[in-house]
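J.: Going down the list, the protein sequences come from chains A and B. Following this note's numbering, the numbering of the first sequence begins with 1 at its first residue and continues without gaps. Following this note's numbering, the numbering of the second sequence begins with 1 at its first residue and continues without gaps.
To be clear, the hints were calculated from the coordinates, so they are not data collected in a lab. Remember, it's a predicted structure, so these values are computed and weren't measured experimentally. Take these hints with a grain of salt, some might be off.
To be verified - Straight line, CA to CA, 30 Å or less: simulated BS3-like cross-link-like pairs of lysine-lysine:
1. B:Lys272 with B:Lys77
2. B:Lys132 with A:Lys121
3. B:Lys233 with A:Lys121
4. B:Lys77 with A:Lys121
5. B:Lys233 with B:Lys77
6. A:Lys121 with B:Lys159
7. A:Lys71 with A:Lys121
8. B:Lys361 with B:Lys247
9. B:Lys311 with B:Lys272
10. B:Lys247 with B:Lys272
11. B:Lys233 with B:Lys132
In case you want the letters, here they are:
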Amino acid sequence: MGSNFFKHRLSDLLSSAGITVNGSAPWDITVHDDRFYRCVLSGSHLGAGESYMDGWWDAPAFDEFFYRTLKAWHSNIEDNRAALSLTYDERFHRMWRYYLLSAAGSFRARHVQLWQLLYSKNGIEEEFRVPR
Amino acid sequence: MVDTFFKRELERLFGSADILIGGNRPWDVQIHNASVYRRVITEGSLGLGESYMDGEWECDDLEAFFFRLLSSRVDEKVVTMADKINKYLGKIRNLQCPMRAFTVGETHYNTGNDLFKAMLDTRMIYSCGYWKETNSLDEAQKNKLRLVFDKLQLQPGMKLLDIGCGWGGAARYAAEHYDVSVTALTVSSEQAQFAREQCAGMPVNIELMDYRDLHGSFDRVYSIGMFEHVGYKNYRHYFEIVNRCLKRDGLTLLHTIGSNQPCTNGDPWSCKYIFPNSMLPSASQISESYEGLFMLEDWHVFTHDYALTLKAWYEKFEQSWPELQSGYSERFHRMWRYYLLSFAGAFRARSIQLWQVLLSKQGLQGRTAIPR
Numbered sequence: 001m002g003s004n005f006f007k008h009r010l011s012d013l014l015s016s017a018g019i020t021v022n023g024s025a026p027w028d029i030t031v032h033d034d035r036f037y038r039c040v041l042s043g044s045h046l047g048a049g050e051s052y053m054d055g056w057w058d059a060p061a062f063d064e065f066f067y068r069t070l071k072a073w074h075s076n077i078e079d080n081r082a083a084l085s086l087t088y089d090e091r092f093h094r095m096w097r098y099y100l101l102s103a104a105g106s107f108r109a110r111h112v113q114l115w116q117l118l119y120s121k122n123g124i125e126e127e128f129r130v131p132r
Numbered sequence: 001m002v003d004t005f006f007k008r009e010l011e012r013l014f015g016s017a018d019i020l021i022g023g024n025r026p027w028d029v030q031i032h033n034a035s036v037y038r039r040v041i042t043e044g045s046l047g048l049g050e051s052y053m054d055g056e057w058e059c060d061d062l063e064a065f066f067f068r069l070l071s072s073r074v075d076e077k078v079v080t081m082a083d084k085i086n087k088y089l090g091k092i093r094n095l096q097c098p099m100r101a102f103t104v105g106e107t108h109y110n111t112g113n114d115l116f117k118a119m120l121d122t123r124m125i126y127s128c129g130y131w132k133e134t135n136s137l138d139e140a141q142k143n144k145l146r147l148v149f150d151k152l153q154l155q156p157g158m159k160l161l162d163i164g165c166g167w168g169g170a171a172r173y174a175a176e177h178y179d180v181s182v183t184a185l186t187v188s189s190e191q192a193q194f195a196r197e198q199c200a201g202m203p204v205n206i207e208l209m210d211y212r213d214l215h216g217s218f219d220r221v222y223s224i225g226m227f228e229h230v231g232y233k234n235y236r237h238y239f240e241i242v243n244r245c246l247k248r249d250g251l252t253l254l255h256t257i258g259s260n261q262p263c264t265n266g267d268p269w270s271c272k273y274i275f276p277n278s279m280l281p282s283a284s285q286i287s288e289s290y291e292g293l294f295m296l297e298d299w300h301v302f303t304h305d306y307a308l309t310l311k312a313w314y315e316k317f318e319q320s321w322p323e324l325q326s327g328y329s330e331r332f333h334r335m336w337r338y339y340l341l342s343f344a345g346a347f348r349a350r351s352i353q354l355w356q357v358l359l360s361k362q363g364l365q366g367r368t369a370i371p372r
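With the rest of the complex left out, here is chain A:
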């Protein structure tokens, strides 16, 4: 994957949080080395920190930059949670968990069984070994 891909992808993500690469606002960042983009996308928080230590990028208002980034993550999660809870409530969540795990336990305890039965109308003639 070309380095342009990482550059565009990360720039898009940051802009959704109101941060412009090489912009003029205090919370914008200045990139000195293009390896920064790949490093952040593959290493996340660790990549961001290490590339900062290596001097690949700077942010005049560091605290504001991080505030804006984390706020954007949080609102993304909340938006999705809201979307999920429109369809499924917490009671459903508990019901579904109960269904899957009670069924799993019943099978393991051999309280219920799983069978495959193969039938023919007139009997299979000649030698026939059923696959296993």
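Using the hints provided, position chain B relative to the given structure of chain A.
T.: This is chain B only, laid out in the frame that chain A set:
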């Protein structure tokens, strides 16, 4: 007038199975005595078998004759008065009560060890072999024993119970190859004596005993070709006894011929001449009898293998007949041929089945791959 009716009726029945009276294909029949028509129409299976024994009709390939007859389900169309009485008797009497338990042992299984030695494999296993990847009867029987004992997951030191041990071949194989001890039951005195000699010096205890008199505690219980003699009224009791004798984490294997429909009596000819008081269980009769006592682990169908086994027995029997015949009548010869080939044809036509059912008391834990 009446005789013409019987003749036309039999021609019609055989015709619907593409069997011609007087035809020249191997499965066609030649009738030497006109009484055959009446005997078959009025007495059904019994009349067909007895008139064959009496030499009143011939067929070059009896196995193919029965295959055609049973595939077309003609047998279901001939329901005689005798069949109805027989069915009724099966319902009102317990034909397999303990008093009668030794009848089959004293008749069929005491027929003569020389005959069975000539007909069976070297281990004298008198049940369906397992012909997967073999053409030899000896191998097929060994495969079957391995199949049974591998399904039972034998471990060294285990105590086994063999219900209906025949000539002791299975018990001996288990003791020799799996380092286990076996208590083995039979109702035939000839079999018991032979089995004791076979298993001398091994941890195998042969008992001349009805399964209902049994006490003890075992790791594994198996029964190969005995359940056919239990009788539908005693199926539940059989499983209760196995349950009582089996340890908590035990396994039991039932190897039996099966019927496609529940029934309350055996085939009249087979009951009279081969297996007195016997009948074949259906799948529902078996499952309703173990439900609540056991869990189903595996139900294996290998019906065609019994057709192959019977054909192999038949070839060996006919080859040995010159040496055997001084001890048996020609009527016996015809009866035995009729027995082996009618059953072979019935299995091939899937009119009857061969099942191995593996049951556990508590349920096997984890993923299990039952051998095939």
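J.: Given the hinted pair A:Lys71 and A:Lys121, is their Cα-Cα distance within 30 Å?
T.: violated (66 Å)
J.: CA of B:Lys77 to CA of A:Lys121, is that 30 Å or under?
T.: holds (19 Å)
J.: Under the criterion that the straight-line Cα-Cα distance not exceed 30 Å, is the pair B:Lys361, B:Lys247 satisfied?
T.: Roughly 8 Å between the alpha carbons, so the hint for B:Lys361 and B:Lys247 holds.
J.: Please verify whether B:Lys132 and A:Lys121 have alpha carbons no more than 30 Å apart.
T.: holds (24 Å)
J.: Checking one constraint from the list: CA of B:Lys233 to CA of B:Lys132, max 30 Å. Satisfied?
T.: This hinted pair is violated, its Cα atoms lying about 35 Å apart.
J.: Tell me if the straight-line CA distance from B:Lys233 to B:Lys77 falls inside 30 Å.
T.: At roughly 26 Å apart (the allowed maximum being 30 Å), B:Lys77 and B:Lys233 satisfy the hint.
J.: Are the Cα atoms of A:Lys121 and B:Lys159 separated by 30 Å or less?
T.: At roughly 41 Å apart (the allowed maximum being 30 Å), B:Lys159 and A:Lys121 break the hint.
J.: Is it true that the CA of B:Lys233 sits at most 30 Å from the CA of A:Lys121?
T.: Distance of about 29 Å is within 30 Å: holds.
J.: For a C-alpha distance cap of 30 Å, please report whether B:Lys311 and B:Lys272 respect it.
T.: holds (22 Å)
J.: Verify the proposed pairing of B:Lys247 with B:Lys272, using a straight-line Cα cut of 30 Å.
T.: The given pair, whose Cα atoms are some 38 Å apart, is violated under the 30 Å limit.
J.: Taken at face value, is the distance from the CA of B:Lys77 to the CA of B:Lys272 at most 30 Å?
T.: holds (21 Å)
Comparing the model with each numbered hint stated earlier shows that hints 6, 7, 10, 11 do not hold.
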